[in-house]
Amino acid sequence: MLSADLLLFVCLSYVALLFVVAFVVDRRAQRDRIGWLQSPLVYTLSISIYCTSWTFYGAVGSAARSGLEFATIYLGPTLVFVGWWWLLRKLVRIGRLHRITSIADLISSRFGKSPTLAVFVTLIAVIATTPYIALQLQSVTASFRVIIGDADGAGPNDAVTGFWVAAGMALFTILFGTRNVTANERHHGVVAAIALEALVKLFAFVAVGLFAIYGIAGGIPEVFADAPPDFLHSDDMFSSRWVALTFLSATAIICLPRQFQVTVVENVDEKHLATASWLFPLYLVLLSIFVLPIAIAGLASMPAGSNPDMFVLTLPLSAGQEGLAAFAFIGGFSSATSMVIVAAIALSTMVSNHIVMPVALKVSQSDYYTSGDVRRLLLASRRISIAVILMLGFIYFRLTGGSEGLAAIGLIAFAGIAQVLPGALGGVMWRGATRYGALAGLVAGSAAWAYMLFLPSFQAEYPAVAALVESGPWGLAALRPEAFLGLTVDDPLVHALFWSLSVNTALFVFVSLMTRPTPLERLQGALFIDVFRMRPGESPRVLHRTAPVEDLFVLAQRILGAEPARLLFEDIARAQGLRSGLPVADDSFVSRLERELAGTIGAASAHAMVSQVAGGGTISLSELMNIADETAQILEYSQQLTEKSAELESTARQLRDANTKLQKLSAQKDDFLSQVSHELRTPMTSIRSFSEILLETPDVRSEQAQRFLSIINAECLRLTGLLDEILDLSFLESGKVNWTLAPVDVGAALDRALSSISVLAEKDGVAIHVDERTGGTTVMADFGRLTQVFLNILNNSVKYNTSEAPRIDVTSVLRDGEYVLTIADNGPGIPAAHQETIFSKFGRVGARQDVSGSGLGLAISREILRQFNGDVELVADAGPGATFEIRLPVA
Amino acid sequence: MTGSRDPDLARRKLTDAALVLPVAGAFLLMPPFIRVFVTDGTVAGIPVVVVYLFTVWFALIGLAGWLAAPLRRTMQTDIPPVADPEASDADRPEA
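Taken in order, these protein sequences are the chains called R and A.
Each residue of the first sequence is one higher than the last, beginning at 79 in the working numbering.
Each residue of the second sequence is one higher than the last, beginning at 168 in the working numbering.
For the record, the hints were derived by calculation from the structure and aren't laboratory data.
The structure displayed is predicted, hence computed values, not measured ones.
As a list, the in silico EDC-like pairs of lysine to aspartate or glutamate whose alpha-carbon atoms are at most 20 Å apart:
id, chain 1, residue 1, chain 2, residue 2
1, R, LYS841, R, ASP829
2, R, LYS168, A, ASP183
3, R, LYS722, A, ASP175
4, R, LYS841, R, ASP887
With the sequences and hints as input, model every part of the structure.
The structure is reproduced here in structure tokens:
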């Protein structure tokens, strides 16, 4: 046996180690150096607070009494975690998006932020958890007694040990669990300490297990050879109790406040769930696999009548392995303390958010809504709650002290908290669920639980309770707690579970169908149920309300603290695109603020406080329908699809158009090339033939040779001119032209063109009449190029005029801010079919080879004018011949 | 997800498998099916039902572990980018 002093020393050293770890990690967290704490491994280890001292000691006891039954407690969570995609993922997403602080907050928030529901769930949680905490105290004191070899109670008083353990845990929890008021912020120090404890308890249990197999039995087959006959009870094991226990433990892993705290509230990354989905079951199976060997070895080697709940300690002790026994004791201590710490944090959050806050708001109506530091109130109420909860656990432990079978209390607690399941599950799955349904189910279910399971658990201590269980209240046998309405189920737990959950679910469904949800409930319901369909960051703008932004800022400061509130408002202002100052208090801002505050004080209180400032707000029914209605959502989805396909169609059409255009351009290019070749061929042919004559005829007369050479020269000039014009045109068309346009006196340019053409006109006998002239008009252009255009068109009119008395009329006027120059001839005119082609390249009318010119003149002119933002057109049916109209914007 | 010709189908099969796993586990571990293994026989000295129970248990964990990695990648595409901006960029489905 170990001496009490030595054990106390080891124990205190271990506690000191936990304090140091928590302290150091908290300090590092302040400097942001805790990357490894955000890992999925630590997340999984913190979930393993599921394995309390009830697992550490009780599982072996359960196995010694009823064989394989212990496994159900770990199979349920295994099934829930390997099926995380179903439910846990949704809960974690909802928890993160809506800043859920506890299981009570989840249910209250879902059902229209109802404070009443939150209070009820909190009360159930406290009632169900108190015995559980008592159980941990009991296991620590009992194991302490066992390990110092003090079976008959001569040593230190249980009450004293229990009190100091409770006080120590309260101190630890208050020190490291109430560092910040925002529930979603991780308690880094606590998490680190718990992860360490999770490893210690695993290693301790595995060590004892290995010792039981190899140190005592001498191998795995020998272990089972030592088992008493029918040890496994396998013949009647797989009955309704097996199913009920598995279901219960599956419920517990979701609904227990401490499990909800570590799995949902303190989750920092949804992806950690993927790792936990197999790592946590692995942790469970590693513990479970050693339960049977320890139980069998205990039964085989310990004297009859020893407490199987303590085999984990007594087995190594009886074999003289005191070090191992001490390690096992520390393991059991770890599993008890980690559970108590997290449970106290979770419960204190619930109590302070859902009971103390609303009461404080009610009592000092004017005060707390408008002034006062809410943070101080919250922290104080959390610290006091922790102390009170542990005190309650201690009192319960003293009242029921030393009751048999640890496992029984654990299962009672599980069944109590299971009453939360229909509301929670229905809330995130079923649109039709209402707050009255949830409330009715919860109240009826917990009443049934209290009457059929919790009350009978006292029958050993109180004869009155035993009499009631035996014969029913007032002797009414039909109302007996363990055989309600005469229904006899072998097992009281299965009986109570059947009745309580049936009544709970039936009332939940029935009342939900009979009542109408409020608009806020419908909104919250849609947000929760369709959480994966909501685009993050886009809160639907349904609740319309506003408030002076200064008031909201004051409110945020009081709840979040000055600095976080300032950062939050700055962040929102930046998101709204404001450079500085306070954000605009629009709907989405008020909603976001309420969500942020809910992370600290819970959804119901946050809603109450924001409503006090911003008013209850109106919920737009049509917008609510938009998001609440499933069909609307599908419609919206299909509408998006329609939009997408319309978009695709228009893209396809544009592509088709572009393709047609390309084909046309390609045809034009081919056309152009063939025309260019044709144009080049004519002069080339004559050059070739004349040069051949000169080469092949030796005695050409010199004047004839002279004539041929001058023809060759003329054709060469024509070729050069043609090539120059092609180059000019391609330069113009390429769009690379970047003339600096200057104010040009358009009259001067016309004069220059007229004087240039006058020689040719005189030669052909064409009379040019300049009728009306504008004076001193300036346009933005290039003088030389403008002259070239005028000359070009005048030249055309002269060349193609085959009239007997050829005449050209030149008129210029100002029309609508444009300079309009009309050049009309009395020639044959241009057939309607060619009126547009003349402006294209080589667009000569007919195949008139007798006229010199490349056929590019008009195309070039038009290009130049367009560079000046003007144009040239053929005016249809304006006179006997062709009438060109040149337009230029006046500068 | 990227290797498959139809990422939607692959994703659906994956999530279906994730949903089937706990159901299959419950079927295998609950009565009446588990009673099949209640016999007097032993495997390497261990009662058959114990071997069966832990085998199914480990198999569930193994399958869950096997599904976890691809499911995790699937999650990355629908998680708000604020959670982990780098990861969500890395696994965007090709447009």
